[in-house]
Amino acid sequence: MINLKINGQSIQSEPGKTILQAAQAHGIEIPTLCYHKDLNPTGNCRMCIVEVKDWRIMQAACVTPVWEGMEIQTHSEKVEIDRKLTLELMLANHPQDCITCDVSGECELQDLAYEYKATAPEWGSKGTRYPVDSDPNPFIRVDMNRCILCRRCVSACAEIQVRDVWGVAKRGFDEVIVAGANTAMLEARCESCGQCVAYCPTGALSNKMNYGMARAHQVTKVTTTCSYCGVGCQFDLLVKKNKVIGVQSNPNAPVNGMALCVKGRYGYDYIHHPERLTKPKVRRYLLEGKKKEEIREQRVVNRKNSPTDPLVSSPWDWVNVEWDIALDIAAKKFMEIRDQFGADSMGFLTSAKCTNEENYLMNKLARQVIGTNNIDHCARL
Amino acid sequence: MDDVAKEAKAFFIIGSNTTEQHPVFGTMLRRAVKFRGAKLVVADPRKIDITEFATLHLRQRPGTDIPLINGLMYIILEKGWEDKSFIEERTENFDEFKATVMQYPPEKASEITGIPVEKLYEAAEILAKNSPMAVIWAMGITQHIVGVRNVMDLANLQMLLGNMGKAGGGVNPLRGQNNVQGACDMGGLPNVFTAYQPVTNPEVIEKFAKAWGLDHGPQTVDDKTLSIVNGLSSKIGLTVTEMMPGILEGKTHSLYILGEDPVMSDPDTNHIRHSLEAIDFLVLQEIFPSETSVYADVLLPGVTFAEKTGTFTNTERRVQMVRQAIPTQGDARDDWWITSEIAKRILNTRMKDEGGRMNEAAQYAGWDYKDSSDIMSEINALTPSYGGITHARLETGERLQWPCPTLDHPGTPILHTKQFTRGKGKFMPIDHVPPAELPDDDYPMLLSTGRVLYHWHGGQMTRRAKGLMQVYGEALIEVNPNDAERLGLNPSTCLASGQAPRNVVRVTSRRGFIEAQAWITDRVPPGMVYANFHFPNASANELTHASLDPVAKIPEYKITAVKVELV
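Protein chains in written order, with the numbering used here: chain A, 1 to 381; chain B, 382 to 948.
Keep in mind that a hint or two might mislead.
To be verified - Lysine-lysine pairs mimicking DSS-like chemistry, simulated, CA-CA at most 25 Å apart:
id	chain 1	residue 1	chain 2	residue 2
1	B	LYS847	A	LYS240
2	A	LYS281	B	LYS725
3	B	LYS460	B	LYS415
4	B	LYS415	A	LYS37
Stated by the list, open to error - Looking from chain A toward chain B, a few residues come up when the C-beta cut is under 7 Å (computed):
id	residue
5	TYR211
6	ARG215
7	GLN218
8	VAL222
9	MET258
10	ALA259
11	LEU277
12	ASN373
Everything labelled a hint here was simulated from the structure, so no lab data went into it.
Keep in mind the model is a prediction, meaning the values are calculated, not measured.
The C-beta atom is built at its ideal place from N, Cα and C for all residues, glycine as well.
Input sequences plus hints: build the corresponding full structure.
Listed below in structure tokens is the structure:
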């Protein structure tokens with residue numbers, strides 16, 4: 001173990017740890033911005049600088065390893081002045097439009113500026129340098145004016161998604177994050193997983209699908225499990241006024257951590273799609289007490305007609321009914337078929353999209369109530 | 382998945398388009414290869430995305446997985462790379478198995494699979510010398526008439542190399558749907574109750590009969606005349622691939638379908654349409670009017686995952702909470718509620734009519750559930766591997782993988798660490814059987830089917846997601862550049878820009894045809910096309926056939942003989 005002092009407090013740390021890791025392990029907070037625990041540290045934002053005794057310049061805590069006898073000040077006056085200046089330099093080149101920015105309230109730059117009472121210096125603000133919403137990707141909104149060049153997006157794409165879409169172009173004041181060789185994201189082979197958005201500390205990368213729909217404090221987050229593939233990713237559904245308006249990574253997700261795919265993160269809008277079935281429906285012939293074989297011809301005719309044409313009335317039309325009517329009809333017809341042809345004439349297809357509890361009940365219905373083992377689902381398909 | 386991604390020294394992906402079908406697991410594998418130096422062998426006729434990361438890509442001819450695996454095992458035995466102590470201590474039937482493998486020398490395997498001999502040697506060396514090695518597959522292995530044999534042969538390979546029951550090793554079938562594992566665990570199969578308790582086992586029958594109030598002794602009345610519940614059936618039921626044809630044979634008269642779309646997802650769509658057209662009564666419980674709802678008599682609006690509470694079980698047997706985030710939409714209802722209301726109505730009528738033949742005092746006879754956790758309690762009681770998996774435990778943040786038999790059991794991340802379920806692992810001698818429908822003069826090309834990154838299965842959900850449609854808005858048929866030239870397609874296709882010239886091809890099989898835009902790409906080898914079943918106007922299942930694996934009854938989606946023409 002290595003012995004060192006942080007703010008006068010003697011602590012021990014394993015060799016090879018950074019100052020930041022050693023401090024965090026002992027509950028000592030050091031502000032960070034480009035650093036994220038999931039990503040390799042790059043040490044480029046200078047927010048985590050600390051004073052190290054006998055060292056001429058201050059060190060970035062996220063990339064400096066601890067050594068024996070090290071003495072560190074994390075919040076000395078010198079450090080705090082420098083951090084505030086660093087923030088002012090970032091703000092000098094950042095739009096002053098938090099009031100309309102989508103990520104206001106969950107912006108790490110905003111939080112630090114607030115904490116350090118840093119504002120954009122008078123000599124700053126060169127104005128809009130890049131087109132806002134500059135990329136045609138249907139999910140990800142790009143506004144490089146808000147970028148602070150922390151490069152988390154570059155790291156997230158390279159280290160989490162392993163797709164290397166984002167990179168850094170040019171140098172100095174012109175330095176800018178670009179997709180591929182400065183092309184559209186999809187052309188740079190972006191898979192639209194949104195990892196870059198999840199790791200972006202500001203509004204430079206945000207979500208198009210819910211842009212302008214809610215501020216962080218206006219949403220409720222509900223942790224749940226994805227409904228697409230069998231990997232079992234978890235995430236938070238963002239809910240505002242009883243509507244799902246987005247999906248957000250939940251860092252505690254057991255299988256996937258922050259990672260999600262394009263369907264999991266952006267394939268949720270079917271939930272509120274206007275074509276959702278919201279009323280039980282039965283075919284008119286069932287209400288008229290007719291038999292299905294009597295109306296075989298009308299069914300064919302009905303199918304040839306426009307299904308939405310109200311002028312053509314057919315016994316095969318859908319009729320919206322109350323739950324009791326639909327359920328009574330279903331139960332009655334099932335009983336009739338069981339009486340007439342036996343339990344094994346009935347088939348039950350349960351669902352690999354539904355919950356365990358729902359699948360259990362289908363198994364119980366087929367076996368206990370009906371008395372058949374004709375139950376299956378699409379595992380084979 | 383975590384142990385596989387973090388601890389495997391090598392991966393053998395065969396028949397899994399991992400980065401498109403299990404994208405987040407796919408990224409874990411990419412990380413393992415790129416940052417940890419794990420070796421990756423991909424065996425797939427198509428140049429799928431993950432091959433970019435492969436140490437070696439084996440492009441076997443479709444339907445030749447067994448000669449490939451046997452050929453690799455021949456080399457392993459020839460070189461003495463097998464795990465002799467594992468074979469000795471944990472397995473049986475090795476000699477018979479070895480005799481079969483010896484029929485597949487590399488030259489023969491190469492001739493059947495089309496993979497050069499030296500690549501077989503290279504692959505065998507990578508797989509044998511990097512331990513633990515994880516085998517990963519999905520429907521590319523199972524959707525064949527030899528699906529079960531393919532799986533058994535991969536189990537042979539892993540036993541031969543001693544990779545079973547080890548973190549970072551094992552056989553890792555990736556389950557497709559979010560809760561296909563759970564649907565199987567919950568008795569959504571024709572031969573088993575929950576947790577794979579066989580319907581043919583008298584003790585199991587007795588256990589469920591007692592719990593569900595059917596323990597009233599043997600029946601004397603003819604099944605057809607007595608319509609109330611009259612005991613549990615010990616006859617193995619029909620699979621979906623048998624129920625559907627059963628309609629036209631007069632065997633299946635009604636279907637109750639929960640959240641499934643057979644018209645899109647079953648083989649030979651035309652035949653499915655004819656069958657559903659002929660059914661006496663079809664109840665469909667769905668969230669959207671699907672292609673199947675056209676044939677339904679009753680349509681019951683269920684809810685999406687955002688509107689329900691319950692559990693899903695993922696591909697690694699991890700049971701996780703699904704939590705209701707929004708109220709049910711319109712007059713839609715919880716799916717469990719709908720099913721239990723139908724059950725109650727049937728039971729109530731019958732109990733009244735026939736004087737109650739069910740023991741209502743039995744603990745789980747009834748259907749009055751308060752909520753889904755109430756149903757889970759019943760599952761806990763009747764399902765040994767789920768005995769300790771309660772909503773309450775999951776809500777405290779416990780991470781549980783079944784088997785988890787009791788409330789104080791921590792769950793089981795890795796199976797078969799000390800012994801297999803049957804005791805010793807049995808080597809099965811597996812021989813090659815050619816696919817059911819191979820290309821011929823009339824249908825000279827080979828079609829394989831599957832999904833793409835941006836869509837899900839029959840597409841009911843993803844076709845209603847705007848952004849996904851913007852990226853992938855129509856069915857595309859993958860055609861090799863050589864075939865494209867022969868067919869006279871315009872080769873200047875540039876897919877990403879959306880400026881592709883119209884290259885509409887018609888793909889015809891013995892059962893039907895589809896027309897869709899061609900995507901000219903060397904992802905498919907010459908002579909092969911690849912289509913998906915996400916779009917009703919050009920669904921690959923119009924073409925596929927219902928030849929089944931004799932055991933698993935899974936259709937051979939991956940191989941259909943077709944002809945392709947420019948429209």
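field: Cut-off 7 Å, beta-carbon criterion: hint that GLN218 (chain A) touches chain B
entry: 15 Å, violated
message: Quick check on the hint: ASN373 (chain A) CB to chain B CB, less than 7 Å?
response: At about 3 Å, which falls below the 7 Å cut-off, the nearest Cβ of chain B leaves the hint on ASN373 (chain A) intact, so it holds.
- prompt: If you draw a straight line from the CA of LYS847 (chain B) to the CA of LYS240 (chain A), is it 25 Å or shorter?
  reply: 20 Å, holds
- request: Would you settle whether the hint for LEU277 (chain A) is holds or violated, based on the nearest Cβ-Cβ distance to chain B being less than 7 Å?
  value: 4 Å, holds
- prompt: Does the interface hint hold: is MET258 (chain A) within less than 7 Å of chain B, judged Cβ to Cβ?
  reply: Because about 10 Å separates MET258 (chain A) from the closest Cβ in chain B, which is outside the 7 Å limit, the hint is violated.
query: Under the criterion that the straight-line Cα-Cα distance not exceed 25 Å, is the pair LYS281 (chain A), LYS725 (chain B) satisfied?
result: 20 Å, holds
message: Take the shortest C-beta to C-beta distance between VAL222 (chain A) and chain B; is it under 7 Å?
response: This interface hint holds because 4 Å falls under the 7 Å limit.
query: Is the Cα-Cα distance between LYS415 (chain B) and LYS37 (chain A) 25 Å or less?
result: 19 Å, holds
message: Checking hints one by one. Is ALA259 (chain A) an interface residue toward chain B, by the C-beta closer than 7 Å rule?
response: With Cβ-Cβ at 5 Å, under 7 Å, it holds.
task: Answer holds if the nearest beta-carbon of chain B is closer than 7 Å to that of TYR211 (chain A); otherwise answer violated.
output: 12 Å, violated
query: Regarding the pair LYS460 (chain B) and LYS415 (chain B), is the alpha-carbon distance no greater than 25 Å?
result: 29 Å, violated
task: So, ARG215 (chain A) near chain B? Judge it on the closest CB pair being under 7 Å.
output: Since the shortest Cβ distance to chain B is 18 Å, the answer is violated.
Figure legend: structure checked against the earlier numbered hints; hints not met, in rising order: 3, 5, 6, 7 and 9.
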